[in-house]
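There are 2 protein chains.
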Amino acid sequence: MPEVKTAAIIGGGVIGGGWSARLLENGIDLRVYDPAPDAQAKLDAVCANAEQAFAALSQIRCAERGSVSWQQTAAAAASGADLIIESVPERLDIKRAVYTEIETAAAADAIITSSTSGIMPTELQAEMKHPERLMVAHPFNPVYLLPLVELVAGEKTDVKYIEWGKRFFAGIGMHPLHCRVEIEGFLSDRLQEALWREALWLLHDKVATAEEIDTAIAYGPGLRWAQMGTMQTFHLAGGEGGMRAMLAMFGPCLKWPWTKLMDVPELSDEFVDEVGEQCEQQAGGLSPRDLERVRDSNLIAILQALRGNNWGAGKTLANYEQQLMQATSDG
Amino acid sequence: MPEVKTAAIIGGGVIGGGWSARLLENGIDLRVYDPAPDAQAKLDAVCANAEQAFAALSQIRCAERGSVSWQQTAAAAASGADLIIESVPERLDIKRAVYTEIETAAAADAIITSSTSGIMPTELQAEMKHPERLMVAHPFNPVYLLPLVELVAGEKTDVKYIEWGKRFFAGIGMHPLHCRVEIEGFLSDRLQEALWREALWLLHDKVATAEEIDTAIAYGPGLRWAQMGTMQTFHLAGGEGGMRAMLAMFGPCLKWPWTKLMDVPELSDEFVDEVGEQCEQQAGGLSPRDLERVRDSNLIAILQALRGNNWGAGKTLANYEQQLMQATSDG
Chain R
1 MPEVKTAAII GGGVIGGGWS ARLLENGIDL RVYDPAPDAQ AKLDAVCANA EQAFAALSQI
61 RCAERGSVSW QQTAAAAASG ADLIIESVPE RLDIKRAVYT EIETAAAADA IITSSTSGIM
121 PTELQAEMKH PERLMVAHPF NPVYLLPLVE LVAGEKTDVK YIEWGKRFFA GIGMHPLHCR
181 VEIEGFLSDR LQEALWREAL WLLHDKVATA EEIDTAIAYG PGLRWAQMGT MQTFHLAGGE
241 GGMRAMLAMF GPCLKWPWTK LMDVPELSDE FVDEVGEQCE QQAGGLSPRD LERVRDSNLI
301 AILQALRGNN WGAGKTLANY EQQLMQATSD G
Chain A
1 MPEVKTAAII GGGVIGGGWS ARLLENGIDL RVYDPAPDAQ AKLDAVCANA EQAFAALSQI
61 RCAERGSVSW QQTAAAAASG ADLIIESVPE RLDIKRAVYT EIETAAAADA IITSSTSGIM
121 PTELQAEMKH PERLMVAHPF NPVYLLPLVE LVAGEKTDVK YIEWGKRFFA GIGMHPLHCR
181 VEIEGFLSDR LQEALWREAL WLLHDKVATA EEIDTAIAYG PGLRWAQMGT MQTFHLAGGE
241 GGMRAMLAMF GPCLKWPWTK LMDVPELSDE FVDEVGEQCE QQAGGLSPRD LERVRDSNLI
301 AILQALRGNN WGAGKTLANY EQQLMQATSD G
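If you're matching them up, the sequences are chains R and A in order.
One point on numbering: in my numbering, the residue at position 253 of the first sequence is 253, and numbering is uninterrupted.
One point on numbering: in my numbering, the residue at position 296 of the second sequence is 296, and numbering is uninterrupted.
The following block holds chain R by itself, in its conformation from the complex (with noise of 0.2 Å):
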């Protein structure tokens, strides 16, 4: 498998962008495609951004950023590529005719990932002509600052590609997580639609905005799943009985109707209008973009925080760092 140099991003959005930034600051050189006609602006800034970020995270840095290099079509942005990153809107036949387009062109020994947030890559795969040589690699967005990136192989996909995604994923900084039964969502979304029906839910009953929504997480739970999830936590609700007492205690609780669990908010555009407009007073005047920074600098502060402490995202922080200052001392 190769050392990547060149990567492909097809699809220049929040996670194409989030991907770009990324490599550019591991040195690796990109060919870009997105046929937005403001792609380029966009992409520059957030890899402006980007860049700010990762100078305010850590003083140890890659030696020589990447380079980007436009390129009109996918076909084109694929070809001389080492890894290539599509992150397309969320629709199987988008997708299934960007891989096609793609394999006209990729080198033989190049390695497709797709980027969708839950789409299950046996269906991905199954109109190309090299299937084995595709995963889904799904990363968070901020994708240049959150570490997390689940790799999901599908019945197609040759394994030796989840190994290589391990160590290239976590060679970049990343913490990658192989989700090791293929299903619908894969891990994090599954966890993280959950929660956001149920605040679909609430609004939508007029039981709270969106800002008493967001205060219920990011004053309690909140704080305690930036480093221990769900399972950890509620390990710690029992006592000294950990789960088992915690499951004791409140294991009835889940037979109760404390969630709407039976279906989805109808999406009508009065709806939208209503949600849109809750974050966008919640946002007090910040644009996205500003919040963007806002989040970014909090999530630096973060990871720093648990750097400190040598633990979760901290240690995948800390492990990279050290990486690099190998790379530096070796080279």
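Quick caveat, the hints were computed from the structure, so don't treat them as lab data.
Glycine residues also receive a C-beta, built at the ideal position from the N, C-alpha and C atoms.
Some hints here could point you the wrong way.
Okay, derived cross-link-like pairs now, SDA-like style, lysine to any residue, Cα gap no bigger than 25 Å in a straight line [claimed, not checked]:
#, chain 1, residue 1, chain 2, residue 2
1, A, 315, R, 286
2, R, 315, A, 304
3, A, 206, R, 123
4, R, 206, R, 284
5, A, 206, R, 286
6, A, 315, R, 278
7, A, 315, R, 178
8, A, 206, A, 271
Reference listing, derived: stretches of chain A covered by chain R, where coverage requires no fewer than 3 residues with Cβ under 8 Å from a Cβ of chain R [as the list claims (entries may be wrong)]:
#, segment
9, 206 to 213
10, 239 to 250
11, 302 to 308
Starting from the known structure of chain R, fit chain A onto it as the hints suggest.
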């Protein structure tokens, strides 16, 4: 309404113990009732942890810690208390019996709060002589570090207690969230339970282990939730278009089978065993007590990081310190 000089703690488990620690650190004297034989030793351990945690969190401290007086009955604890905090097991019959006993001894103007995770206050107060002074004040573990407290009125609660609660709990360093609509599970636990249900299914169906499920949160979405809830986070998933663009892109996915919506896994002995064992393995030899210290140390680091940015729970901490400094310079 009384200034709180003395509070009664009815039930000294994980939550009652956490309340005790926070109140003592704020100079409030306690009258504690818990029938468990080892209750006093446990409470002392929690308070010792909390004292260290407070010292590490902030150099600004309340001048004089409160004192603890152990009582033999709930009535004796309630007698002479300005505020009575009930944190007994999540069973309506047990809680109602406790209120009946408390009311035989409580001062006429004493306020009674329940720490219930989700039982509706209208249910709790149904058999009380003076139901107007009962409300829910639902905190989060560890109560001495997490700022969130949900305030919920029942049908018979006098709203003046909600206003009082907003002031009082802010005064002891918390972030009161008034849940305006009475609903089972309130806000935070509805959101937590949605996640928790999905996590249990993933483990139950052997899609992932406890550790993998937690990795899917703590290395990605959890780092966002420490500072922004799910609404504001997704407001930033749509790029410059914010939440409206996000809903246009990902709204349809909500209808895909990305969560186990319909049911709850059966908590059989075998399943409880499996969950318990995985959580113990995940802890890697750390007892729940050890792990609590790690968690507290991480929470302190995260809260300080957010205070450095004057954001979210960090703002709560900064406000609290300002109040303490003000009080010191006044006194």
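Structure-based check of all given hints:
A C-alpha spacing of about 18 Å is found between residue 315 of chain A and residue 286 of chain R, which places the hinted pair at or below 25 Å, so the restraint holds. This hinted pair checks out: residue 315 of chain R and residue 304 of chain A have alpha carbons roughly 19 Å apart, not beyond 25 Å. For the hint pairing residue 206 of chain A with residue 123 of chain R, the CA-to-CA distance comes to about 22 Å; that is within 25 Å, so the pair holds. Between residue 206 of chain R and residue 284 of chain R the CA atoms are separated by roughly 20 Å; this keeps the pair inside 25 Å, and the hint holds.
Only pairs whose Cα atoms come within 25 Å are accepted, and residue 206 of chain A paired with residue 286 of chain R is rejected, the gap being roughly 43 Å. Restraint check for residue 315 of chain A and residue 278 of chain R: the C-alpha separation of about 22 Å stays at or below 25 Å, so the hint holds. Only pairs whose Cα atoms come within 25 Å are accepted, and residue 315 of chain A paired with residue 178 of chain R is rejected, the gap being roughly 37 Å. Distance restraint check for residue 206 of chain A and residue 271 of chain A: the Cα-Cα separation of roughly 11 Å lies within the 25 Å cut-off, and the hinted pair is therefore satisfied.
Look at the segment 206 to 213 of chain A against chain R: 7 of its residues bring a Cβ nearer than 8 Å to a Cβ of that chain, three or more, so the hint holds. Given as covered by chain R, the segment 239 to 250 of chain A passes the check, having 10 residues with a CB less than 8 Å from a CB of that chain where 3 are the minimum. Chain R is given as covering the segment 302 to 308 of chain A, and this holds because 6 residues of the stretch bring a CB closer than 8 Å to a CB of that chain, at least three being needed.
In the structure shown, a violation is registered for the earlier hints numbered 5, 7, in ascending order.
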